[in-house]
Amino acid sequence: MKLNRILALMYMDFLIFFRVKWKLAEIFFFPIITVLIWGLFSVFMQRFAVEAGLIVVIMNLFWSFAHVSQTSTNIAMLEDVWSGSFKQLFVSGITKSEYIIARLIFSSFVAILILSIISIMAYYIFNITLLAENFFTFLELISITLIASMALSVIIASLIISWGKEYGFLAWTILQIFILLSAPFYTVDVLPQTIQYISYVMPYTNVFETTRNLITTGFVDSTVILKGFIIAVLYLFLSFPLYNFAFNRARKNGVLVRLN
Numbered sequence: 001m002k003l004n005r006i007l008a009l010m011y012m013d014f015l016i017f018f019r020v021k022w023k024l025a026e027i028f029f030f031p032i033i034t035v036l037i038w039g040l041f042s043v044f045m046q047r048f049a050v051e052a053g054l055i056v057v058i059m060n061l062f063w064s065f066a067h068v069s070q071t072s073t074n075i076a077m078l079e080d081v082w083s084g085s086f087k088q089l090f091v092s093g094i095t096k097s098e099y100i101i102a103r104l105i106f107s108s109f110v111a112i113l114i115l116s117i118i119s120i121m122a123y124y125i126f127n128i129t130l131l132a133e134n135f136f137t138f139l140e141l142i143s144i145t146l147i148a149s150m151a152l153s154v155i156i157a158s159l160i161i162s163w164g165k166e167y168g169f170l171a172w173t174i175l176q177i178f179i180l181l182s183a184p185f186y187t188v189d190v191l192p193q194t195i196q197y198i199s200y201v202m203p204y205t206n207v208f209e210t211t212r213n214l215i216t217t218g219f220v221d222s223t224v225i226l227k228g229f230i231i232a233v234l235y236l237f238l239s240f241p242l243y244n245f246a247f248n249r250a251r252k253n254g255v256l257v258r259l260n
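The sequence shown begins at 1 in the working numbering and counts up one residue at a time.
To be clear, the hints were calculated from the coordinates, so they are not data collected in a lab. There may be inaccurate statements among the hints.
[What the hints assert, rightly or not] Just the calculated beta-carbon pair ranges, DEER-fashion: (1) Ser97 with Leu180: 28 to 34 Å; (2) Thr223 with Lys252: 18 to 24 Å; (3) Leu36 with Val233: 19 to 25 Å; (4) Thr187 with Val91: 46 to 52 Å; (5) Lys87 with Leu226: 39 to 45 Å.
[Stated by the list, open to error] Pairs of lysine to aspartate or glutamate residues, derived as DMTMM-like cross-links and limited to a Cα-Cα distance of at most 20 Å, are as follows: (6) Lys87 with Asp189; (7) Lys227 with Glu166; (8) Lys165 with Glu79; (9) Lys96 with Glu79; (10) Lys252 with Glu140.
Idealized CB from N, CA, C, for every residue including glycine.
Can you make the complete structure from the sequences, with help from the hints?
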């Protein structure tokens with residue numbers, strides 16, 4: 001694995017990102033509009049319950065961050081597939097590890113940029129100071145979310161490589177299922193008993209639980225954060241062997257060629 005090839009692929013992503021207008025609109029427009037909508041909802045809800053409005057806005061900050069960091073990687077891969085450049089990149093000498101790592105780093109950069117913008121908006125427009133007041137806790141939760149989203153993007157890439165480009169829709173659908181099962185706006189015990197067991201091993205559940213507790217009680221349980229880190233790292237640790245297996249298998253059975 002060579003750093004110069006990773007940087008070259010990231011440079012290509014930067015050029016595409018800033019030259020293709022619809023990508024700029026998609027990446028910046030939806031998170032900004034989301035925080036405005038839910039921020040206004042938060043202002044309205046403060047007449048009834050301050051905590052309810054805060055929960056909705058802050059959960060959507062994490063949701064937008066997870067969405068951008070995950071989908072940016074997978075959409076970039078799908079664009080390579082759709083344009084026919086996927087195979088050409090590997091013919092040029094880029095390895096499968098260099099390819100996915102470059103995309104993960106670039107997507108993380110974009111996601112952190114978006115998160116910074118919408119967090120500043122939440123702070124100055126809607127006077128949501130909770131994140132600034134609990135900055136280090138916020139960094140821990142963001143780190144868990146980023147690690148989990150990176151793992152999820154590698155898993156989705158593995159599935160698309162294994163099953164073919166017809167399953168490209170997984171890039172923007174699987175995250176919604178993970179968020180649903182992670183209990184963002186409600187506690188896990190609201191879910192049916194069987195689904196609760198699944199929720200406990202979702203990578204975002206502990207992030208949402210910590211955020212809700214911080215808003216409603218002001219208490220942060222370090223064991224919940226630690227559990228979130230462990231689960232997220234396990235997802236990431238398991239995602240790369242799956243990616244290597246899917247890539248090698250697709251190369252052998254010809255699916256990799258048919259991706260172009």
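Now for the hints, and whether the structure bears them out:
no. : hint                           : in the structure
1   : Ser97 with Leu180: 28 to 34 Å  : holds (32 Å)
2   : Thr223 with Lys252: 18 to 24 Å : violated (44 Å)
3   : Leu36 with Val233: 19 to 25 Å  : violated (34 Å)
4   : Thr187 with Val91: 46 to 52 Å  : holds (51 Å)
5   : Lys87 with Leu226: 39 to 45 Å  : holds (43 Å)
6   : Lys87 with Asp189              : violated (47 Å)
7   : Lys227 with Glu166             : violated (35 Å)
8   : Lys165 with Glu79              : holds (10 Å)
9   : Lys96 with Glu79               : holds (16 Å)
10  : Lys252 with Glu140             : violated (41 Å)
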